[in-house]
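A.B. asks: The primary structure of each chain is shown beneath.
Number of protein chains: 2
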Amino acid sequence: MKRVAVVGAGVGKFGVRKASFRDLIWEAGKACFDSVPAVKPKDLQGIVVGSVMPERTAFQSHISSLAAEALGIKPSHLSARTEHMCASGTVGIRYAYAFIAAGLADLVMVLGVEKLNQPSAEEAILNMGTGVDREWEASYGLTAPPCFALAAQKHMAKYGTTEEQMAMVSVKNHNHAAKNPYAHFQKGTTLEQVLCSRMISTPFRLFMCSPITDGAAAVIVASEERARDLTDKPVWIQGTGQALDGFTLSSLHEDYSHWPALKRAGEAAYQMAGIGPADVDVAEVHDCFAIAEIIAYEELGFCDKGEGGRFVEKGLSDYGGTVVVNPRGGLIGCGHPLGATGIAQAAEVFWQLRGEAGPRQIPEAGIGLTHNNSGMGEHVVMVYGKERP
Amino acid sequence: MKRVAVVGAGVGKFGVRKASFRDLIWEAGKACFDSVPAVKPKDLQGIVVGSVMPERTAFQSHISSLAAEALGIKPSHLSARTEHMCASGTVGIRYAYAFIAAGLADLVMVLGVEKLNQPSAEEAILNMGTGVDREWEASYGLTAPPCFALAAQKHMAKYGTTEEQMAMVSVKNHNHAAKNPYAHFQKGTTLEQVLCSRMISTPFRLFMCSPITDGAAAVIVASEERARDLTDKPVWIQGTGQALDGFTLSSLHEDYSHWPALKRAGEAAYQMAGIGPADVDVAEVHDCFAIAEIIAYEELGFCDKGEGGRFVEKGLSDYGGTVVVNPRGGLIGCGHPLGATGIAQAAEVFWQLRGEAGPRQIPEAGIGLTHNNSGMGEHVVMVYGKERP
Numbered sequence: 035m036k037r038v039a040v041v042g043a044g045v046g047k048f049g050v051r052k053a054s055f056r057d058l059i060w061e062a063g064k065a066c067f068d069s070v071p072a073v074k075p076k077d078l079q080g081i082v083v084g085s086v087m088p089e090r091t092a093f094q095s096h097i098s099s100l101a102a103e104a105l106g107i108k109p110s111h112l113s114a115r116t117e118h119m120c121a122s123g124t125v126g127i128r129y130a131y132a133f134i135a136a137g138l139a140d141l142v143m144v145l146g147v148e149k150l151n152q153p154s155a156e157e158a159i160l161n162m163g164t165g166v167d168r169e170w171e172a173s174y175g176l177t178a179p180p181c182f183a184l185a186a187q188k189h190m191a192k193y194g195t196t197e198e199q200m201a202m203v204s205v206k207n208h209n210h211a212a213k214n215p216y217a218h219f220q221k222g223t224t225l226e227q228v229l230c231s232r233m234i235s236t237p238f239r240l241f242m243c244s245p246i247t248d249g250a251a252a253v254i255v256a257s258e259e260r261a262r263d264l265t266d267k268p269v270w271i272q273g274t275g276q277a278l279d280g281f282t283l284s285s286l287h288e289d290y291s292h293w294p295a296l297k298r299a300g301e302a303a304y305q306m307a308g309i310g311p312a313d314v315d316v317a318e319v320h321d322c323f324a325i326a327e328i329i330a331y332e333e334l335g336f337c338d339k340g341e342g343g344r345f346v347e348k349g350l351s352d353y354g355g356t357v358v359v360n361p362r363g364g365l366i367g368c369g370h371p372l373g374a375t376g377i378a379q380a381a382e383v384f385w386q387l388r389g390e391a392g393p394r395q396i397p398e399a400g401i402g403l404t405h406n407n408s409g410m411g412e413h414v415v416m417v418y419g420k421e422r423p
Numbered sequence: 035m036k037r038v039a040v041v042g043a044g045v046g047k048f049g050v051r052k053a054s055f056r057d058l059i060w061e062a063g064k065a066c067f068d069s070v071p072a073v074k075p076k077d078l079q080g081i082v083v084g085s086v087m088p089e090r091t092a093f094q095s096h097i098s099s100l101a102a103e104a105l106g107i108k109p110s111h112l113s114a115r116t117e118h119m120c121a122s123g124t125v126g127i128r129y130a131y132a133f134i135a136a137g138l139a140d141l142v143m144v145l146g147v148e149k150l151n152q153p154s155a156e157e158a159i160l161n162m163g164t165g166v167d168r169e170w171e172a173s174y175g176l177t178a179p180p181c182f183a184l185a186a187q188k189h190m191a192k193y194g195t196t197e198e199q200m201a202m203v204s205v206k207n208h209n210h211a212a213k214n215p216y217a218h219f220q221k222g223t224t225l226e227q228v229l230c231s232r233m234i235s236t237p238f239r240l241f242m243c244s245p246i247t248d249g250a251a252a253v254i255v256a257s258e259e260r261a262r263d264l265t266d267k268p269v270w271i272q273g274t275g276q277a278l279d280g281f282t283l284s285s286l287h288e289d290y291s292h293w294p295a296l297k298r299a300g301e302a303a304y305q306m307a308g309i310g311p312a313d314v315d316v317a318e319v320h321d322c323f324a325i326a327e328i329i330a331y332e333e334l335g336f337c338d339k340g341e342g343g344r345f346v347e348k349g350l351s352d353y354g355g356t357v358v359v360n361p362r363g364g365l366i367g368c369g370h371p372l373g374a375t376g377i378a379q380a381a382e383v384f385w386q387l388r389g390e391a392g393p394r395q396i397p398e399a400g401i402g403l404t405h406n407n408s409g410m411g412e413h414v415v416m417v418y419g420k421e422r423p
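Chains as they are written, first to last, in our numbering: chain H, 35 to 423; chain G, 35 to 423.
There's no promise every hint is true.
[Unchecked claim] Negatives, chain G to chain H, calculated, CB over 10 Å:
| no. | residue |
| --- | --- |
| 1 | K36 |
| 2 | G49 |
| 3 | D68 |
| 4 | P71 |
| 5 | D77 |
| 6 | S95 |
| 7 | A114 |
| 8 | I159 |
| 9 | Q227 |
| 10 | C230 |
| 11 | S235 |
| 12 | E258 |
| 13 | K267 |
| 14 | D289 |
| 15 | R344 |
| 16 | L350 |
[To be verified] Computed footprint of chain G on chain H; a stretch qualifies when at least three of its residues, placed anywhere within it, have a C-beta under 8 Å from a C-beta of chain G:
| no. | region |
| --- | --- |
| 17 | 338-350 |
| 18 | 406-416 |
Because the hints were derived from the structure by calculation, they are not lab data.
Beta carbons: idealized from backbone N, C-alpha and C, even for Gly.
Taking the hints into account, I'd like the entire structure generated from these sequences.
C.D. replies: Here it is, written out as structure tokens:
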């Protein structure tokens, strides 16, 4: 298997954007090309685009071809869109990674894009329901907020996790986002503000939830030979893992505060990278709701099971702690343009490991991790490192 | 790079189906498992699902997880949906292929599914427009039929290709489909019937167009080690190529009767497989419209450029000819449930190379090819063989 590295990254502004799908693609694509001047669009052998529902939000499928053309890329080896709900971008990185690792390509862009906001807010909210099983769950109201709220309630009952601890995740991530020019929210927040925001699905208040966000992000992935030509600071893909327990809530282990698939995905990625949780300096985890970050601490091994609430309360997931989690602001602070999220996480890790994260820089970051769930029972983890694997 | 083989295949009934998305998945998945009894759902390490627009047609994204759960698969290594309009299934095969070739997995199902028919025929037709650039072309009426009609008109003007020759593609494929229990159309047809069917987009008459079809298909792909355990007749993936000239019509070479990207994709696949066009015994090409099959003969090297019309007229693409093209009935005879098409093509090649194609069997078929376009400027080709590459 060949070694694979990220050699460039760019992120467009996340938010409620008065921009077309194509505008968002141009913005992130250009930022990505600007980050690695040695690469011209025509040098790329392919493009993979992570995107969930352009068919609904822009009446447009076939989005990798649209993106290729918009960016002047002429795929000679691969072109495809990937979709895996909230993990769509990261499964796209894995597509390009596998192609390059197998020796089938050398230089590929992976772009994530989503335009979720619609003229009607109701339509935008309704669209998010496509990610949940329509026949058996979504049609009865079991969309993402109540699903994750069940995990939160169980975690509170079983481990004593508090609303305040969940709010601390939001405060940390909003305050991180305030230092990120690409984030949806850039004002920071306070514990009081989070706890006084309106209730969405008990115990989640508005500020504990990721918003409906438009945005795009891109990375360029290369074989070792190409990476060496293009940059003296490649960021290597050291490990990856994906695991699925089930799609519908009813198929999962009855204790929703345990996410075994995340544990397995993390262990697979750690094993492949030859590292353990203690080696991780920066982690971009999937805080779609505040409880998800707390459970991710535990399943990824940053703290013991049940200790996630106390982990954030003690500041151990912030600068100066055990591991800096979500320095770019996470999904709660940056927003969650589904297909773009995994790519923006990879971009943040890329900048952190290269020492280019500006006011968000984590000193001497050498190993970075990204995590996405696409439901409580489905997880994907990537491990990136400065050192050649 | 590790060798990769197809070890099982199953196809559900194509047609206007009174079935849910899940029903179609169950049907094809079960048929696929039945074809390789040594594989149980829990043995699979992952699933890739090719599907274009479940968001529109079933208000459902996240379809690989739905399929995994429906079939009792617990992905431990990969799960993703792929979309590339009409090539969505084949880019899914390439995802699994790259994963296995890189040594990242050993045993993966690739399933394609599409439920295109809707209560309203207008809605179903409208949905197909998502595959074309909405902002710059589809909104002005330049959807798939007129696009391909421009190619047909140019081919007629430049090479003397006739309506009768295009109709012969339809007759051949409809008559092949009559021997395929999974095909949408099973009555066969005549030249007169094709030429008297109503005009859709000059020069395409109804019977020269692939219909709006529901359906699903699945294959199981394995590493060499696993394949040897599971079957004594693996069908090897010997080569693959993908190339893109452009997405919008205005970005293409002005002579729409030439499809250089198909030529390049074919050449890449031939080179990788170490074969040439004369070695191909069976080809499943993307006859979304009759002209597409004629141009595919030429760009894939089965005949000289401009000779495609005469190639079919002489019977050279039928049983007893140079290469049997579309023995299952093609998109015109089988229908075209977008994401399922590439998988059903692979299944047909799998059966043909194993000598299991029943009344459609091509004697001593040793090399098979599949081709999909997703627009005139975008093509993907796979080469399969009985011999270990």
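A.B. asks: Does each hint fit the structure? Answer for all of them.
C.D. replies: Results of checking the hints against the structure:
Separation of K36 (chain G) from chain H is inadequate, the least Cβ-Cβ distance of about 8 Å not exceeding the 10 Å criterion. For G49 (chain G), the requirement that its beta carbon stay farther than 10 Å from each beta carbon of chain H is met, with the minimum near 21 Å. Distance check on D68 (chain G): its Cβ is at least 23 Å (rounded) from any Cβ of chain H, clearing the 10 Å threshold; non-interface status holds. Residue placement check: P71 (chain G) keeps its beta carbon more than 10 Å from all beta carbons of chain H (closest about 24 Å).
Distance to chain H confirms D77 (chain G) as a non-interface residue, since its nearest Cβ pair spans about 15 Å, more than 10 Å. Not every CB of chain H lies more than 10 Å from the CB of S95 (chain G), the least distance being 4 Å, so the non-interface label is violated. Not every CB of chain H lies more than 10 Å from the CB of A114 (chain G), the least distance being 4 Å, so the non-interface label is violated. At roughly 13 Å, the least C-beta separation between I159 (chain G) and chain H is larger than 10 Å, which holds for a residue marked as non-interface.
With a cut of 10 Å on Cβ distances, Q227 (chain G) stays outside the contact zone with chain H, its closest approach being about 33 Å. Look at C230 (chain G): its CB is around 34 Å from the nearest CB on chain H, clear of 10 Å, so calling it non-interface holds up. With a least CB separation of 20 Å from chain H, S235 (chain G) remains clear of the 10 Å interface cut-off, as annotated. Under the 10 Å C-beta cut-off, the non-interface status given to E258 (chain G) relative to chain H holds; the minimum distance is some 14 Å.
Separation of K267 (chain G) from chain H is adequate, the least Cβ-Cβ distance of about 24 Å exceeding the 10 Å criterion. Look at D289 (chain G): its CB is around 18 Å from the nearest CB on chain H, clear of 10 Å, so calling it non-interface holds up. Separation of R344 (chain G) from chain H is adequate, the least Cβ-Cβ distance of about 31 Å exceeding the 10 Å criterion. With a minimum CB-CB distance of about 30 Å to chain H, L350 (chain G) clears the 10 Å threshold, and the non-interface call stands.
Check on the region 338-350 of chain H: 0 of its residues sit with their Cβ under 8 Å from a Cβ of chain G, so the three-residue criterion for coverage is violated. Residues of the region 406-416 of chain H with a Cβ under 8 Å from some Cβ of chain G number 3, which satisfies the need for three, so the listed coverage holds.
Hint violations for this structure: numbers 1, 6, 7 and 17, all remaining hints satisfied.
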